[in-house]
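Please model the complete structure; the sequences and the hints are all you need to start from.
Residue strings, one per chain:
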Amino acid sequence: MPADIYLNVAVGGVLTGLVYGLMALGLSVIFGVVRVVNFAHGEMMTIAMYIAVTLFSAFHLDPLLMLVPIAAVLFAFGYILQVRLINPFITRPDTSQFLLLIAVAIIIVNLLLIAFGPDARTVQVSYAYDSFQLGPLLVDATKLYAGLAAIVVAIVLFALFQYTWIGTAIRACADNYTGALVVGLDVKHLYALTFGIGAACVGAAGVMLVLIIDVTPALGPAYTLLAFVIVITGGLGSMPGALVGGVLIGLTEALAGLLFSPSAKSMFAFAILVLVLLFRPQGIMGKRAA
Amino acid sequence: MSAQLSIDAVSKRFRGLVAVDRLSFDVAEGGIFAVIGPNGAGKTTLFNMIAGAFAPDSGAITFAGERIDGLASDRICRRGIGRTFQIVRPFPALSVEDNVIVGALLHRHHVTDARLHANDVLRRLDLYDKRGQRASGLTLPDRKRLEVARALATDPKLLLLDEVMAGLRPTETDRMVAILKELNRDTGLTILLIEHVMRAVMALAGRVLVMHHGAAIAEGAPGEVVRNRAVIDSYLGAEAVA
Amino acid sequence: MIARLIEGIPRRALLLLGALLIVLVAVPLFAGDYLLTVLILILYFAYIGQSWNIMMGFAGQLSLGHALYVGLGAYTAAALYIHYGIGPWLGLLAAVLVAAMAGAFIGFLAFRFRVAGVYFAILTIALAEFARVGFDHWSWTSGSSGLFLPVKQYAHNDLWQLRGYPVMFYYILLAATVAAFIGCRALLQSRVGYFWLAIREDEMAARSAGIDAFHYKMLAVVISAGMTSFAGVIYAFFYNNLFPEQVFHILRSIEIILGPIVGGVGTLFGPILGAFVLTGLAETLTAALAALGVDLPGAKQVFYGICLLLVIVALPGGVWPWLSKRIGLTERNK
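Residue numbers (the numbering used here), protein chains in the order written: chain A, 1 to 290; chain B, 291 to 532; chain C, 533 to 866.
Stretch-level coverage of chain C by chain B, calculated; a stretch enters the list once three of its residues show a Cβ under 8 Å from a Cβ in chain B:
no. : region
1   : 722-731
2   : 738-745
Computed cross-link-like contacts, DMTMM-like style, restricted to lysine to aspartate or glutamate with a CA-CA straight-line distance of at most 25 Å:
no. : chain 1 : residue 1 : chain 2 : residue 2
3   : B       : Lys471    : B       : Glu453
4   : B       : Lys447    : B       : Asp359
5   : C       : Lys857    : C       : Glu539
6   : A       : Lys265    : A       : Asp4
7   : B       : Lys420    : B       : Glu462
8   : B       : Lys447    : C       : Glu735
9   : B       : Lys420    : B       : Asp410
10  : B       : Lys447    : C       : Asp734
11  : B       : Lys447    : B       : Asp464
12  : C       : Lys857    : B       : Asp419
13  : B       : Lys420    : B       : Asp445
14  : B       : Lys420    : B       : Glu472
15  : B       : Lys420    : C       : Asp734
16  : B       : Lys447    : B       : Asp298
17  : B       : Lys471    : B       : Glu509
18  : A       : Lys265    : C       : Asp668
19  : B       : Lys447    : C       : Asp744
20  : C       : Lys832    : A       : Asp119
21  : B       : Lys420    : C       : Glu539
22  : B       : Lys471    : B       : Asp316
23  : A       : Lys265    : C       : Glu777
24  : A       : Lys265    : A       : Asp214
25  : B       : Lys471    : B       : Glu319
26  : B       : Lys420    : B       : Glu453
27  : A       : Lys188    : A       : Asp175
28  : A       : Lys188    : A       : Asp94
29  : C       : Lys832    : C       : Glu815
Just so you know, these hints were derived from the structure itself, not from any lab.
As the structure is a computational prediction, the values presented were derived from the model and not from experiment.
Ideal Cβ positions, reconstructed from N, Cα and C, are used throughout, including at glycine.
What follows is the structure in structure tokens.
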């Protein structure tokens, strides 16, 4: 196969990978701070995707324009979920919280199934089939916009955590729960904010993803797993790691799909996960997990 | 009496900190040996190396003539060294009896035999009456005795006790001391203990080692050691000896 | 030996168990086809739940990919039957071996490399998914188009070939569930059982009491995997078709854990109670909805999700411990 096909596929993979990275970023933030393994992550993304699809088919609104409102809705959802359901379980063993979120995931997937049916939905934007020519590269417009949007949101997020008071307070909670309480931080509220931010991230990623793939209710689990693979590969608790992991997985997926068979690509992601869990559990850029 | 346990120039560092610094001493079979010293002196690190939680960086640990440094904790227990933890770790959901049966099962293959042995141990540790209670519901002194009972049930030749008196009131301390003394006298069990409670150290130990900054600063009979200038300055304080 | 098995269990509990057994043995005589199918499903989940419980409830390892062993058992026996005409009971031997090896592989990876807790769960999910995609592409088992067992009209029950009426499968599963129940009870009372509980409670303390945790965790995984594969064989010969997408799917793995968690992880009767409660109620729900003329695919799963949520929030130990205290059945050792 000619080299530029590889290149095109690779670039497409990297761009999609950025979106995956954003999704994984949400998971990493939640785990890094609240220390909860969010098994309902992919399901939250699916909610966002369905909102985007519904708004599109009703009002013809471009998903990217709806990015901020939809992310806000997911933020609220995440916040409420944390405060009402998860927070009382902070002191319970890890597996309890995990199972709790599995229950939430099951409920969401099937409510979506009841509401929207099992058929795939798509969003056909006006530029769905456009592409840009950059030298030898042929880049899909949808992927390009999605990738760029992902970078923008990621930058906003980094800025939030580095430069704002809220961001610092959240990082303090992650570092030292008791210490944060002692200095008077409202940890419960900050945890909820963090969960909300993580949910907003994944919601934003979902909106971008809607341009690239079809939406079905059962999408959730596959993407939750993908988010785990990325976060563990890139390094738990490392925000840049999530993006790096995302790009790596997006790239691997795309090339594996090209070289082997499209449906086998998830096998590679899992193979990477197993290797990382065994040989470098802290991931590429992570600190040693607590 | 021959040395049952031999610590030979053992060292351990954690990144920049030297926790144990070329430490050497011997523990005679059938004796009661105490290791004392200020917090951070390296006592628990020493215990952890003997018990197999991690290996020393250099030096050798020999037990009953064989090298044990670097072996995993379960193998060390099977060789005959039982240990208790500074912060007690009973099996919370199991009953007192079942906790000790787990220990007794190490060298016995039938639960009935193990139960008989466990009950003997429980009687010795004064816990027989509470054998049906859940471990998580016990008071601290009882949990400490349970910890000792479980370790004892594994038929050790050497028992490592890590601050087993901590948090006990004087009457409870005396009770534990009496139990340990009786154990040592009746069965010849060697006991190596880390202790801060000097009352217990003076009552129990035949020999004392004082550690400071990972190294030994004094070793000998309890009476001599507590009068040692360096020991008084670094740990005991003048009032303790007066 | 029987005396030891029932030692410590209050007489009321034994009587109730006996009564339940008699009812279950007699039920096919009056039950209609639909009820029988529901009961088969209940017993299937009770059996698998009991097998899963060994890994989680006894040895403390959370497996969220147990569908892997069901699938491996099903495909091994089915493929051997189709390609070589090997009867299912012989195929079972191969199925158990394959599943046990898969379990040993997972256990070895996890325990040698200290992959524990949530990470272990994720590893099990990943490997089940790996199998799902892998089998989708494996032509010897017909890949994603599905593996079909030849179904001829049968005039009688052929136990050896596992061809027959649902009633036959019912009694097989009933026998298996009873055997698993008794087996687990025996295991718990044995040296192995004590060591498993110690590991579950506090692995480090267990190791310093001389227990070779690696060895016993591996044992739990291998036994659990092997037992589960039997259910897979039954599945294959009952439904007569296998699709990797369905058999290995993570939703199957989650269905497997619902019963024991709702019923009570680590208890003997929990998985059985859980299976009855969940499947029984779910089917009632579906029937009620159907009677109202409503067809909601996914309603059953929402129900499962809500049950799981309620149990974790309100009754984290499961329904059985709570229930048994209520009706005065607590025994010394669950």
